[in-house]
Amino acid sequence: PMKMSAVRQFLGDAIWGELDYLICDLPPGTSDETLDILQLIPEENVIVVTTPQQVALMDARKTIKMATVMQRKILGIIENHSGFDCPHCGEYIDLYPPGGAKKASIDFNIPLLGNIPFEVEISQQGDQGLPFVLKYPDNKATKIFKDIVKKIREMLES
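For what it's worth, this note's numbering labels the leading residue of the sequence shown as 3, then goes sequentially.
Keep in mind that a hint or two might mislead.
In silico DSS-like pairs for lysine-lysine, Cα to Cα no more than 30 Å straight-line [what the hints assert, rightly or not]: (1) Lys105 <-> Lys67; (2) Lys105 <-> Lys153; (3) Lys75 <-> Lys148; (4) Lys137 <-> Lys148; (5) Lys104 <-> Lys148.
Quick list of the computed label-pair ranges, beta carbon to beta carbon [as the list claims (entries may be wrong)]: (6) Gln41 <-> Glu20: 18 to 28 Å; (7) Tyr23 <-> Gly128: 12 to 22 Å; (8) Glu159 <-> Pro139: 20 to 30 Å.
By construction, these hints were calculated from the structure, which means they are not laboratory data. Every residue gets a Cβ at the ideal spot worked out from N, C-alpha and C, and that includes glycine.
My request is simple: use the sequences and hints to build the entire structure.
In structure tokens form, the structure reads like this:
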């Protein structure tokens, strides 16, 4: 009940003004917060973000199923921390078995919006307050972020 009250207050009592987008970063799986937001914002679209670990992919699949049952449009799935380029040799290294988000996208017939690599600088820039994409405009991850945003905007504007 306390979480639901906080979610209701966050969504109903805040003076948002006119929004282009409201992005809610929620806990993995089918938590109370996820269900509350799906119930409180009926016109929402869903983007599922997962990491490649099996337990995270299981949660992502549950979220997709719940959103589908609640008749939400799922814009796609994003795999975060997909792997990284070795700073010494440049070889791409998978942190976990690859392909989980891609398989989920095929199984549920939703787009795979992108695979974001693990980049230490992404979290560092978040802590420093300057977006990663502004500090590192030519980075591979920046290009992936921009491609994902482009795909989402095209879906929302069509």
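Going through the hints against the structure:
Of the pairs offered as hints, the one joining Lys105 and Lys67 holds, with about 15 Å between alpha carbons and a cut-off of 30 Å not exceeded. Taken as a hint, the Lys105 and Lys153 pair is honoured in the structure, with Cα atoms around 19 Å apart against an allowance of 30 Å. Annotation: proposed proximity of Lys75 to Lys148 holds, straight-line Cα distance about 22 Å (limit 30 Å). Annotation: proposed proximity of Lys137 to Lys148 holds, straight-line Cα distance about 14 Å (limit 30 Å).
This hinted pair checks out: Lys104 and Lys148 have alpha carbons roughly 19 Å apart, not beyond 30 Å. In this structure, Gln41 and Glu20 meet the distance hint of 18 to 28 Å, their C-beta atoms being roughly 23 Å apart. In this structure the hint that Tyr23 and Gly128 lie 12 to 22 Å apart at CB holds, the actual value being about 19 Å. Judged by the Cβ atoms, the range 20 to 30 Å given for Glu159 and Pro139 holds: they are separated by roughly 24 Å.
Checked against the numbered hints given earlier, this structure breaks none of them.
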